[in-house]
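Engineer: Make the full structure from the sequences, and use the hints.
Protein sequences, first through last, are from chains A and B. With full-length UniProt numbering, the residue at position 211 of the first sequence is 211, and numbering never jumps. With full-length UniProt numbering, the residue at position 134 of the second sequence is 134, and numbering never jumps.
Keep in mind that the hints were calculated from the coordinates and are not lab data. Hints are supplied without guarantee of correctness; some may be wrong.
Simulated restraints, written as ranges between beta carbons of each label pair [unchecked claim]: (1) K147/A with D234/B: 17 to 25 Å; (2) A245/B with E178/A: 51 to 59 Å; (3) V477/B with D279/A: 53 to 61 Å; (4) P230/A with S32/B: 16 to 24 Å; (5) N427/B with V252/A: 42 to 50 Å; (6) P230/A with A109/B: 56 to 64 Å.
Heads up, simulated DSBU-like pairs for lysine-lysine below, C-alpha to C-alpha not over 30 Å straight-line [stated by the list, open to error]: (7) K443/B with K217/A; (8) K175/A with K271/A; (9) K28/B with K227/A.
Ideal Cβ positions, reconstructed from N, Cα and C, are used throughout, including at glycine.
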Amino acid sequence: MLLMRTFRTCYLCHCSKMITSKNMSVAVNDLNVVPEHLCNLAKQLNVKSTMLSKVINNHQEKLKFYTESRWLVLFEYLTQYDFKTSELLEMIDSNPDILSINRQHLQRCMIAWTNFRFEDKKLRQLIILQPSCLLLDDKLILSRIPKLLSYVGNKQNRLLELISYSPNILFDNWKYIESKLDYILLNMELGPTQFVTTSVLSSTLFDLKCRHTFLVKLGMYKPRDPKASPNLITGNPSLKAIIETSDKQFAVKVAGVTAEEFFVFKKIFKKQLDEENDDDSDEREYYSDDN
Amino acid sequence: MFRTNTAALISHSLCHKHVQIVHVRTKKTHWSSIKKKIHPKDKALEHFDDFYGSVYGRRWRSIRLALLSPHKYIAVVNNFGDSEKVSQQLEWLGAMNVRTVVEAHMLKAKESTNEKNIQELDKKLKKLLLTDDNKSDTKKENVEYVEKASLHESLLEAEHDESRLIDPEANSNIGGLYQFIPATELHGKSDWIPESQHYQYYEENSDFPINILNEESLLNIPPHLQIFTFDRGDFTPFPHPKTGATKVSGYYLMDGGSILPVLALDLQLGDRVLDMCSAPGGKALATLQTLLPESLVCNDIQESRIKKIHNVMSEYISDYQSWGSRLMFTQMNARSLNEPDVYNKILVDVPCTNDRHSLENNENNMFKPTRAKERLQLPEIQADILKSALMNIAVGGTVVYSTCSLSPIQNDGVVKMALKKIWEETNHQIIVKDLTKQFRPLKSLYSFSKGLKFGQMVMPFLPLNYGPLYLCKLVRVK
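Structural biologist: Printed below as a string of structure tokens:
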């Protein structure tokens with residue numbers, strides 16, 4: 001039995017070695033000289049061989065698992081949607097995992113995306129910027145996008161922008177995202193135009209709550225007067241300034257107090273939230289169950 | 001048929017704990033009307049934003065944050081219980097004894113002054129060697145106490161200042177004549193006057209002599225007074241005090257600032273102490289914990305408040321009823337107190353806007369619309385109480401005035417008003433003791449305000465979230 005197992009592992013090792021040696025990554029040792037099989041592949045894919053070797057060089061570890069056919073399938077299929085080959089190479093460079101998608105999945109995914117009649121050019125831009133969009137399950141896309149659309153006033157361009165800033169909204173737990181969106185809309189009284197251009201949804205709800213409460217207690221974040229015109233500019237710091245800064249920057253530059261005060265506040269706030277959560281265990285469900 | 005069905009449903013829902021309480025929605029409990037309601041808390045915050053925003057400028061934000069966050073306590077160990085055991089337990093919790101902090105600070109200060117002295121000596125030697133000038137620096141930094149005449153005495157020597165007479169016929173400056181007349185009645189919207197305008201009445205310059213002297217003696221924490229607190233930024237709560245063998249609680253928790261007036265009194269053995277507005281009795285209890293005063297009289301104006309003091313005392317001292325003249329309770333109006341030269345230490349912790357409380361609780365809140373009149377009268381009442389204390393204090397005795405408000409009117413303003421009244425009406429000579437130097441060892445525990453004229457103020461600052469507490473030490477010399 002033991003012999004059998006050792007034989008099997010040895011054999012598997014051998015096989016995998018064979019496969020990797022067939023792939024191109026091992027061959028790329030010298031930057032200036034582009035190996036022959038890479039030139040061939042570049043020709044087939046219609047890209048510059050130097051660019052290709054550069055990308056492969058950047059992600060040697062990951063790319064060695066994917067065969068040439070995967071490259072061909074991806075390029076062939078996505079060029080149908082007007083993606084340029086250089087853009088596709090860029091996508092692989094930023095997220096090499098998209099080579100793992102098989103043709104069927106790719107097809108379903110792209111159909112799901114096009115199903116919502118986004119503007120072609122903008123959708124393409126989004127996918128180039130966030131290639132992980134292709135890794136999603138088509139059912140997830142079909143169910144998630146309408147939900148998100150309702151939060152941004154059914155404006156498709158806004159949604160694409162939001163996804164480009166925080167792609168995690170497509171696959172994170174919906175209840176958690178909903179709680180964040182509700183907090184922004186109801187507690188911070190901000191509209192979709194203000195939050196779609198920030199990465200607020202990729203930060204944690206705790207950070208958002210903590211920083212917002214901090215500013216409210218300092219008297220720097222005032223609720224909107226319901227009778228004032230909605231176009232009136234409030235003196236509140238922008239969401240970008242609140243969320244896209246480090247703790248120290250936030251305390252000193254945005255809030256105008258010492259960093260020590262913010263750190264102490266964070267500690268107290270965390271304690272308060274924990275105590276609240278202990279009181280009603282319903283709150284915990286936000287973070288635990290999926291979708 | 002219908003009846004049985006509903007009964008079944010009820011029993012079913014009961015056993016599954018799905019009982020839903022349906023609130024009867026009336027006009028008052030509707031969410032929109034609840035949201036619209038302005039509570040005294042909100043009024044207080046709005047008022048402070050306007051008033052303190054103009055007084056403290058940018059610093060107000062940081063104070064506001066601290067006031068709206070939970071505050072820190074200090075624990076005063078009860079000497080009438082198992083004090084040693086309790087102190088040990090508190091130290092195990094990670095709390096530090098204020099005395100050790102102060103002593104460490106003093107030792108450090110001593111070392112640094114020694115070094116400074118040596119350096120200064122070196123410099124002087126160099127000067128002597130380099131130049132032959134032997135100019136002696138005889139000027140003393142400290143201002144010596146100079147007796148200043150009271151109003152009546154100075155009036156005898158006074159001359160008319162013709163240039164300051166205002167011609168009532170001239171229309172140009174007529175508004176100025178009415179500016180300083182205090183309102184006698186309140187009408188409708190008078191509460192709407194923003195207090196930052198009101199602040200203009202608080203003037204910097206004084207037109208009567210005030211003696212301010214530095215307190216030279218070192219900070220003295222009475223040997224039996226054990227105070228514990230946690231380090232800067234450490235918000236560990238003190239557990240609820242346990243009752244010991246004598247069935248009294250182990251320690252008393254109070255705001256960190258509240259111990260300072262007791263320290264400022266500089267209690268000595270055999271002192272006769274009066275606490276003019278004693279309830280709820282925290283400072284009185286801390287005074288007793290020093291085991292120094294010969295007698296302590298706790299006074300308050302309402303019976304319900306006297307009861308509160310009784311409650312606190314019974315919780316911490318099992319046999320206080322039999323103490324006789326050592327601990328007495330009186331119920332009278334502090335403004336009309338007339339027992340001159342009986343007490344040599346008087347603590348005047350006056351009723352005030354109680355800033356932190358006003359922002360936290362809607363009950364017993366000074367900013368209730370119905371209490372507007374009371375609130376606007378506060379400075380006057382406070383000045384009267386302080387005046388009455390200064391009238392009754394024995395010669396050489398100390399009065400400590402304290403409030404828990406940030407308002408400069410209720411603090412320095414009231415002290416000035418009371419001093420003015422004393423100067424006008426009596427021959428008492430009062431000096432203000434500047435405690436800046438004496439409180440320096442406490443710098444690591446409290447965030448003190450700078451730039452006050454007479455007193456000291458503990459500013460709320462989040463990592464050291466005590467106060468607000470203002471105190472001013474006054475000594476009668478003649």
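Engineer: Given the hint of 51 to 59 Å, check if A245/B and E178/A actually sit that far apart at their C-beta atoms.
Structural biologist: holds (57 Å)
Engineer: Is it true that K147/A and D234/B lie within 17 to 25 Å of each other by Cβ?
Structural biologist: violated (44 Å)
Engineer: Taking the beta carbons of P230/A and S32/B, is their distance inside 16 to 24 Å?
Structural biologist: Holds, since P230/A and S32/B (Cβ atoms, about 19 Å apart) stay within the stated range.
Engineer: Assess, step by step, whether the Cα of K175/A is no farther than 30 Å from the Cα of K271/A, and give holds or violated.
Structural biologist: Between K175/A and K271/A the Cα gap is close to 23 Å, so the pair holds against 30 Å.
Engineer: I want to verify a distance hint. Is the separation of the beta carbons of P230/A and A109/B within 56 to 64 Å?
Structural biologist: With Cβ atoms ~59 Å apart, the hint holds.
Engineer: Confirm or reject the claim that N427/B and V252/A have a C-beta distance inside 42 to 50 Å.
Structural biologist: violated (55 Å)
Engineer: In this structure, is the beta-carbon distance linking V477/B and D279/A contained in 53 to 61 Å?
Structural biologist: holds (58 Å)
Engineer: Does the structure keep K443/B and K217/A at a Cα separation of 30 Å or less?
Structural biologist: holds (26 Å)
Engineer: Are the Cα positions of K28/B and K227/A separated by 30 Å at most?
Structural biologist: Holds: K28/B and K227/A sit about 22 Å apart, inside 30 Å.
When the structure is compared with the earlier hints, violations turn up for hints 1 and 5 and for no others.
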